[in-house]
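Top line first, the protein sequences correspond to chains A and B.
Throughout, the working numbering is defined as the position within the first sequence, counted from one, plus 14.
Throughout, the working numbering is defined as the position within the second sequence, counted from one, plus 14.
It cannot be assumed that every hint is accurate.
For chains that are exact copies, the list does not tell them apart, and a pair is met inside one copy or across any two.
Stated by the list, open to error - Mimicking DSSO-like on lysine-lysine, the simulated pairs with C-alpha atoms at most 30 Å apart in a straight line are:
id: 1; residue 1: K117; residue 2: K184
id: 2; residue 1: K276; residue 2: K38
id: 3; residue 1: K217; residue 2: K38
id: 4; residue 1: K276; residue 2: K48
Treat the hints as calculated values from the structure; they're not laboratory data.
Treat the numbers as computed from the prediction; the structure is a model and nothing was measured.
Number of protein chains: 2
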Amino acid sequence: MDIRRYLQEKKEIVDAALERYLPKKEEFTLNLHKAIQHSLFAGGKRIRPILSIASFEAVGGKGERILPFACALEMIHTYSLIHDDLPALDNDDYRRGKPTCHKVFGEAIAILAGDGLLTEAFRLMTNQPPGDFRSSDGGVILDLVNEVAQAAGVSGMVGGQVVDVESEGKGVDLPTVQYIHARKTGAMILASVRVGAKLGGAKGEILNALTRYGESVGLAFQVVDDILNVEGEAALMGKKTGSDLFRGKATYPSVLGLEESKKKGRELVRMAVDALKPFGPEADPLREIARFVAAREY
Amino acid sequence: MDIRRYLQEKKEIVDAALERYLPKKEEFTLNLHKAIQHSLFAGGKRIRPILSIASFEAVGGKGERILPFACALEMIHTYSLIHDDLPALDNDDYRRGKPTCHKVFGEAIAILAGDGLLTEAFRLMTNQPPGDFRSSDGGVILDLVNEVAQAAGVSGMVGGQVVDVESEGKGVDLPTVQYIHARKTGAMILASVRVGAKLGGAKGEILNALTRYGESVGLAFQVVDDILNVEGEAALMGKKTGSDLFRGKATYPSVLGLEESKKKGRELVRMAVDALKPFGPEADPLREIARFVAAREY
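With the hints as constraints, model all of the structure from the sequences given.
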């Protein structure tokens, strides 16, 4: 299969759905809507929504039921980027070559745009059309929303971010780096895979296999991000590379070295692909996404 | 009935439930937990959770099913206060006589504590015990979570906050003040009343009556807040009074004058109590809460 074409096709589906699902523009809150649009359509690869769709389809899920979740995952990811970029946190002026939300709209609107995106993600996931599958599958949907909240919350992404912020410049050890990565990036990527799988009806061994896949892909993603931060080209990353090192951020290269980190990245991709043994070609997109994550240059 | 005693009893129930529902402390994220505790147990009156309980019980609801929602409403309220107090927004150093979250824990942790509380609120509401009423009532719970997200999001509290921030120092008109108040404070108070009513089984005219009550109480609450800000005693409010006026904030007194605003507050309380005509003594707590809101001095 052509993974770049697959990613492009799914990205277009996700982008169109995001446009549809965003709250309607109001004159009074125009800057809020502009700030949300600015960050949500800033060239993201839509890896989390695409993982949820690929996982949903790998277990036989069909149709558009996955799209509210796919879009909510991207909205939560985007809110986390907006808040991470704030002066009080990473103080980044650029992301993917564009000025960050607070540079364009000011800090107050950036904080509120993040708050708004996070809240709208939960509105979207719980906004299931009555008569569709609300009454019969309400419990299933509730469980999925709960899983996303868990991954995004104090024991997940927010917790990882706190430890990341507090570890800056401290020369942390491998367990701390693993703690941060598993929560800050890993938890939401794992949730993306599991939400797709569960909505598609996966249970037992099939769900376990996809969980192992999601854990490995999530970590691989962050290890590769760390490596790219050290050696990537500024033009491709759209922000100053080497900035993690400069700040004394907790990263794999800083505790394992560059070569060992690359080995770790390749090992995680292999583990991800291995976890998919129970599947045939229906899981090819998941396999190729894992390989793509390791090979990407941006 | 003794409203102060009622409020105290319910507050104790809510406080105990909040302690139970908060995520377990982890060594790695100790400051995050401390920051959340600091703001969540800073002397709040628990008006939103108590309104949801009073409304639930007024329509015949029994037991503790309302408590996850009651606590989630307070967690969302608290996150909004933490973010509102940030230097980029209201830049308040004190709230209820205590230093604000960012003054104690720094801006980064305050932003993340707010994010964490908002996310945990949704985790809590969707964390319904299986076998209890998840499978049968999943659709009902989904609808309630959706209503809360709507009230807290871009068309609700976050939207109101954006217009509030952007109106500062601009000498706004009454429609703008009404827009801000209906969303920034009103939406979540209305949602508190409606969530309690719906979970208790209210439909049709009963739900409509409680909706009218919630709308009036929500506005009354904000009008009285505005008045207290102008003339309250600094010691009672725990922050510098008159600060809204000083900043050119959009308030009722600034567009209607103090006397007219007081009249408006009394009228809204009367409307709230009038809306409860279909109810007998089971709605006395709701009636007394409306009167209490107007009479409070802190």
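If you test the structure against every hint from before, which numbers come out violated? 2, 4
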